[in-house]
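**Q** Listed here are the chains, written in short residue letters.
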Amino acid sequence: MVLRKLALYSLLLALAVFTTFPFLWTLLISLRTRGPIFSIPPDLSLTGFSAANYIGVWSTLPLPRYIANSLYITAVGVTLTLVVCSLAAYPLARMQFPGKNAVFFAIVATLMLPEHIGLIVNFVTMMRLRLVDTYASVYLPSIASIFGIFLLRQAYLSIPQEMEDAARIDGAGELTIWWRILLPLTVPALATLAIFQFVAFWNSFLWPIIILKTPDKYPLAAGLLYLRGLFAHNTRFIAAGTVIATLPIIVVFLFTQRYFMRGITAGAIK
Amino acid sequence: MPLRRRSTLVAYLFLLPALGLLAVFTFYPVIFGTVLSLFEYDIINPPRYVGWLQFQRLLADRYFWIAITNSAKYVLVVPVIQLGSILLAVLVNRQLRGIGAFRAAYYVPVITSWPVVGIMWTWMYDQQGVVNWVLRSLDVIARPVSWLSHPTITLYAVMFVTMWKGLGWYMVIYLAGLQAIPAEYEEAAMIDGASRGRVFWSVTIPLLRPYILLASLISTMAAVKVFEEIYVMTRGGPFFSTYTMFMYIFDEAFQELNMGYAAALAVVLAAVILVFSVINFRVFRRGGLEWY
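Order-wise, the sequence lines are chains F and B. Just so we're aligned, residue 36 is where the first sequence starts under our numbering, counting upward by one. Just so we're aligned, residue 658 is where the second sequence starts under our numbering, counting upward by one.
Source of the hints: derived by calculation from the structure; they are not laboratory data. Glycine is no exception: its CB is placed at the ideal position from the N, C-alpha and C atoms. Among the hints, erroneous ones may be present.
To be verified - With the C-beta cut set under 10 Å, the calculated list includes, among others, these residues of chain F facing chain B: (1) Leu-38; (2) Val-52; (3) Thr-55; (4) Arg-69; (5) Gly-70; (6) Pro-71; (7) Gly-83; (8) Ala-86; (9) Ala-87; (10) Gly-91; (11) Trp-93; (12) Leu-96; (13) Phe-140; (14) Ala-144; (15) Ile-245.
As the list claims (entries may be wrong) - According to the in silico footprint, chain B covers these stretches of chain F (three or more CB under 8 Å from chain B): (16) 184 to 198; (17) 283 to 291.
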């Protein structure tokens, strides 16, 4: 029995090493200033650490700038997502109106639409709107999140009708009912959506490199890729930048794991 | 205003921001993109109607065939990811001290951005990197391999990274599936004397079937339009050996500014994906335990 448990833990541990080793190795590279980076066998000793690469990458490369961009895009993007999806989910869950099924079907149908065509046409649209190379162009196409509308609709559906009726008898209007009574009850779902959108915005690079023409406006993930292109020889600096880019996401994840697991299963199995 | 009409108005006011954004950035692109495939358009000059010319050009285009072949080949990653993540889900689907930490560790690659993954794995695949060290220590290879600059193996090396990053995501899906299966089914089979392997193949896998179908189709669609891992590691090289449809669309649209031709390529890719989506919706309408 003990032996079996030991075997099980060894297997679990081996798999954990497989999924996390690239991170640990990058961390090691970023913490040293001398010695060969690539060697067989690799230098996995835990000595000779220094913060020099972090100080270097922070003061000589525009990393703080990229972080500020990411923070701004993420904050505005997540906030707008929550507002837009909450507004849309409410009538879909709790109101009767002509055309409701058609609207719902149209929203479901977008799941089948190929988003790669969107990349081409949205670029043209942004040109026409004169929004190319603005922060708004980065977050605008993704704030009406289908996943978010579904998730919140589900949350609104689970609220008992009596709560709403009571407020209505007291003479509250639709907006008051939504804002004061129903919205507060969807906070767990809002948190799930906020975390998912946070990760999506923080990690996004494809659309930003298409729509932003000034590298100074890049969010962190796109900026890191750009710096890798420019400073490929300075592996240790790039490693430090990689750690800085990854750490916030991992910290957020470790504190909010429950929401992740709930979000994925709610999103995939509707 | 009559009450009914008023409440309809209120409902649509609530929906307005979302529907407006979806109309501009989701519905309109599909329509305009399809129309655009019949035009030549370089952004600077006004679009010029060319009919089916782009599609005829495409059939004779060597790079189109290279790209679509590589995109099709990429689907090979699907069964590997699915089997791997099912086994992983079965492994972590138990009450065990510290199991939460292991699940978290398997999930970390999922939440990491592609640029970070690309940078890390480019180092892992270095001539003197960790992958070569491990494989040489295990005597799998005799001398170091240049994983990302070898025309016959680079595509598979990139697929391996796709698998590494995707396993945790599908693991969570299958974990939900496993937890939805009542324990009695597996227990009954055990009592009847079935071995663990037998229970897995004859009871667990069939009961997971709806989840497997859903995950495989999501995974297949993602494989056909693979882009990020290619872009951050090889940009389609060496010698176009990892050049995929999405990579080609990206180059045509944003490097060459051949918006019309890129749209035609996108329409072809969309047709392929749409077939998979329709299958997805049809198959997944049924599901769960009622399947049997």
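**Q** So, as I understand it, the hint says F:Leu-38 touches chain B; can you test that by seeing if any CB pair is closer than 10 Å?
**A** Cβ of F:Leu-38 sits 15 Å from chain B, so the hint is violated.
**Q** Per the coverage rule (Cβ-Cβ under 8 Å, at least three residues), is the stretch 283 to 291 of chain F covered by chain B?
**A** With 4 residues closer than 8 Å to chain B, the stretch 283 to 291 of chain F meets the three-residue bar; holds.
**Q** Should the interface hint for F:Thr-55 be scored as holding, given a Cβ-Cβ cut-off of 10 Å against chain B?
**A** 5 Å, holds
**Q** Against chain B, does the stretch 184 to 198 of chain F show at least 3 residues with beta-carbon separation below 8 Å?
**A** As far as the stretch 184 to 198 of chain F goes, the hint is violated, because 1 residues have Cβ atoms under 8 Å from chain B.
**Q** Go through the hint on F:Gly-70 and say holds or violated, using the shortest Cβ distance to chain B against 10 Å.
**A** Result: violated, 13 Å to nearest chain B Cβ.
**Q** For the restraint on F:Ala-87, tell me whether the closest CB of chain B is nearer than 10 Å.
**A** 19 Å, violated
**Q** Under the criterion of a CB-CB separation shorter than 10 Å, is F:Ile-245 in contact with chain B as hinted?
**A** 6 Å, holds
**Q** Restraint: F:Pro-71 near chain B, CB-CB cut 10 Å. Satisfied or not?
**A** 8 Å, holds
**Q** For the hint on F:Leu-96, just tell me whether its beta-carbon gets within less than 10 Å of chain B.
**A** 14 Å, violated
**Q** Checking hints one by one. Is F:Trp-93 an interface residue toward chain B, by the C-beta closer than 10 Å rule?
**A** 17 Å, violated
**Q** May I ask you to test the interface hint for F:Val-52 with respect to chain B, counting a Cβ-Cβ separation under 10 Å as satisfied?
**A** It holds, given that the least Cβ distance between F:Val-52 and chain B is near 9 Å, below 10 Å.
**Q** At a threshold of 10 Å, is the proposed contact between F:Gly-91 and chain B supported by beta-carbon distances?
**A** Constraint on F:Gly-91 not satisfied, violated at 17 Å.
In the structure shown, a violation is registered for the earlier hints numbered 1, 4, 5, 7, 8, 9, 10, 11, 12, 13 and 16, in ascending order.
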